[in-house]
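Chain by chain, the residues:
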Amino acid sequence: MPDQLLYAIEAGLNGLMAGVLYALVALGFVLIFKASGIFNYAQGVLALFAALTLVGFQNGQIPFAHLLNAIFGTDLHEFGWHLPAIVAIVLAGGVMVLLAIVIERYVLKHLVNQAPIILFMATIGMAYFLEGLGDIMWGADIKKLDVGLPQGINETIDSVTYNAFGYGFFIDNLDIVASVVAAALVISLTIFSQYSKQGRALRAVADDHQAALSVGISLRFIWVLVWSIAGFVALVAGIMWGSKSGVQFSLSLIALKALPVLMLGGFTSIPGAIVGGLIIGMGEKLFEFFVGPMIGGATENWFAYVLALLFLVFRPQGLFGEKIIERV
Amino acid sequence: MFYREAGDFKTSYADDSQTFPIRFDRLRYYAVIAVAFGIVPFVINDYWANAVFVPFLIYAIAALGLNILTGYCGQVSLGTGGFMAVGAYACYKLMTAFPEVSILIHVLLAGGVTAVVGVLFGLPSLRIKGFYLAVATLAAQFFLVWLFNKVPWFYNYSASGQISAPERTILGQAVTGANTTASAKYLFCLIILFALAWLARNLTRGTVGRKWMAIRDMDIAAEIIGVNPLTTKLSAFAISSFYIGVAGALFFAVYLGAAEVGEAFGIQKSFLILFMIIIGGLGSIFGSFAGAAFMVLLPVLLKNVLVGQLGWATDLAAHVELMIVGALIVIFLIAEPHGMAQLWRLAKEKLRLWPFPH
Amino acid sequence: MNQMNPEGYTTADGRKIGPVLMEMKNITLRFGGVKAITDISFDIREGEIRAIIGPNGAGKSSMLNVISGFYVPQEGEVWFKGYKRGPMKPYQVARLGIARTFQNIALFDGMSVLDNIMTGRLTLMNSGLMAQAMWWGTAEKEETAHREKVEKIIDFLEIQAIRKTPVGRLPYGLKKRVELARALAAEPKLLLLDEPMAGMNVEEKEDMCRFILDVNDEFGTTIALIEHDMGVVMDLSDRVVVMDYGKKIGDGTPDEVRNNPDVINAYLGVSHD
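Residue numbers (full-length UniProt numbering), protein chains in the order written: chain A, 1 to 328; chain B, 1 to 358; chain C, 1 to 273.
Calculated directly from the structure, the hints in this document are not laboratory data.
Source: prediction; values computed, not measured.
Every residue, glycine too, gets a C-beta built ideally from N, C-alpha and C.
Be a bit skeptical, because a hint or two may be false.
When the alpha-carbon atoms are kept at most 27 Å apart in a straight line, the in silico DSS-like pairs for lysine-lysine are as follows [claimed, not checked]:
no.: 1; chain 1: B; residue 1: 350; chain 2: C; residue 2: 164
no.: 2; chain 1: C; residue 1: 141; chain 2: C; residue 2: 152
no.: 3; chain 1: B; residue 1: 10; chain 2: C; residue 2: 16
no.: 4; chain 1: B; residue 1: 129; chain 2: C; residue 2: 149
no.: 5; chain 1: C; residue 1: 89; chain 2: C; residue 2: 16
no.: 6; chain 1: C; residue 1: 25; chain 2: C; residue 2: 189
no.: 7; chain 1: B; residue 1: 129; chain 2: A; residue 2: 109
no.: 8; chain 1: C; residue 1: 84; chain 2: C; residue 2: 16
no.: 9; chain 1: B; residue 1: 129; chain 2: A; residue 2: 34
no.: 10; chain 1: C; residue 1: 205; chain 2: C; residue 2: 81
no.: 11; chain 1: C; residue 1: 152; chain 2: B; residue 2: 10
no.: 12; chain 1: C; residue 1: 164; chain 2: B; residue 2: 10
no.: 13; chain 1: B; residue 1: 348; chain 2: C; residue 2: 164
no.: 14; chain 1: C; residue 1: 141; chain 2: B; residue 2: 10
Covered by chain C, per the in silico footprint, the following chain B stretches (three or more residues, Cβ under 8 Å) [stated by the list, open to error]:
no.: 15; segment: 190 to 204
no.: 16; segment: 216 to 227
Sequences and hints are given; from them, build the entire structure.
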């Protein structure tokens, strides 16, 4: 096989792996959108916040240390312990549930029946708040996240492809783990929403708030539940992204990429989020590979958005979204 | 007691539809203009011009522009930063290509160029709505910033990749470049803002404004009563982008002097302007001013208090600011979706009756 | 009766009914595989009050949407003022002189009553963008002229007191009236009313009936309406179309329709075989 083609395949495969991560963030969006009709811009920051919290717990950081030091003139930094990864993950998950309760209680409850665009802007405000909160709690420096996931080149794939084509593909172990985790998450969420009692209630709420209320489903409980799940998904996404490129603010921007993924896949479709993520991930890597060098590179910054924009003009409901029939 | 509308009768429909129907409001408005044009230019210094007044005037123009699109026509845009960049780079190219032409013409032409780009990115609004459109405007934001970063023609192949404004004068007074006085910057921006605000008020109170609001409130019904959604939405995009382009041009040429696109016109700028109109008041001219003033003053205030008085680190103060801004957005959306403009209206209602509560 | 006279006739109560204004020819409308309207033809004559009735889901609202250009039928022709109407956008239809109200009120909630009614005149206003930006001169003059017309309608519908109230704050009955005012402001040739009396109490219904008759009488506006209240329909309308399951099952004067066996079946629920 010609080298150029091999490089392209490698880029495409890596794109697929990145796409899995996009899909993971997009999944959080879809869950919240389905259950509450809220387009949660803060999902990316949620992932950042989760990852920051996880690292903070792991390293035994004292929350709000900077703030306390500034106010009281103390010199606090760390508790001095180091938690095992699994304990820290459970604790961070707990924080995300707590956050879901707080968000429901102080924000969502007061915004019921508002126009979707108002809710959307409220989540932008939430994103700012959480970003500030995360930085104040744990500090804004770039942190290394290591929960013991395998990292680095996958030797097996490298050697197999080298023997077959004379060129070893570079595939990161972390990406493979991420794909497996994402697949497991999607399957378990699908099972949950299709077969469990809460899942059925969740779908009922998604369909019609008032009808769901009238048959005795607690809207507030469902919202806390779904934001908790979204928080958990954000935690998983935060672990994957954080292990890959460190925990820092840009993590929430990478998560913004989930938006075009959603536009492509349709806001209400879990399979759509997955397929959209894969298309975007692979598309931007291949575009950068083939077209990037001709026009100055760094096309990953906008490719996803422009692709989604062009796509939407021709199919406004996305790949898997339901066709919109307008009524008066 | 002081604030009365009783006895202020209107005898014609034209009188009834004027901007400040209450005499007291009208007088206060004239007083504000007199101070802004007659007093401030003579007392302003560099600190106040650069920290407060000039950014306020420029952001007010941008906020007016976004408010036309989002507040009046209901099309949420997250591409404001990108469109400001278009204005800035258009102004830069014009300034350097035609040095003999007046800077005022350049600024207005920059607005025109931005209007064309805005219409181009506004075209999808005919097919996609709501937050789908909001996300689509992110495409404009990221693409435009990338474009100005990667294509050297836009920054005249300068080694730093930056653009910097050469000195240009109006009536012998420098308004751009290093030698500009504080009052020249201030007056130049003030005059443009004043003219644009007046135009915006006229547009929003007449037929065009009603078409925009009809599309905002119920687009399907609007179309059935005879509003052409194509021309209406695109006119909102064009006019809004014109304002934002002018703001971008001034931001670069008058305020910054030199700019790097990612830093000056990144996505944070889009959000900043959006926050201004949410806090100030969606669909309100006054709200655009109030929001711009608020978002300019808040960081100055916080910096003075937290860093200056309490001696906190600047990054900590910046994070506190993020939290406050975010919380304020949520609070305003919950408690008063019409922003400070509505609070102002309520205060006036109360004043009208004061000191007799009933 | 002389209703077949193509040039028009005079009703028993002395109103002039003119020639055919709008004619629907063999309209069929499908959503995917579902047929909402099957091969329906009827006409509306100038100056008449034409009712469309039928059980829920009969396709009445879809029919109105076809007339106002919101839905485009897959088959059939729409003739208006003697011309076949080509494929048109709803706003173009509005400019032909067809105005309407909606079943679930579709007012602009963020605007005042006055502004809402002024939007009804959009099709009649034509000062350009530049003129409006400058305001003084043409735009102001036009605004004032149209304001006068709108004030007449406000007087006519007795809503002077709420002119500057934001529409969102109004009670249901008044909203319906404002919506009628907005439609009237367009000075339409043909006025379409989609359940103008749904959800109203008896007094509100009486008011609305009076307004509809007055509009027809004073402005000579042709009216096509959908209504469930049979008493109202039989009193108001000159001719009635009856629909059921997307098909036309009756057409004629209220008396003719009342005695039509198909119509009786549809309303009394005789089984379809």
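Against which earlier hints does the structure fall short, listed by number upward?
The structure conflicts with hints 3, 4, 5 and 10, although it agrees with all the remaining ones.
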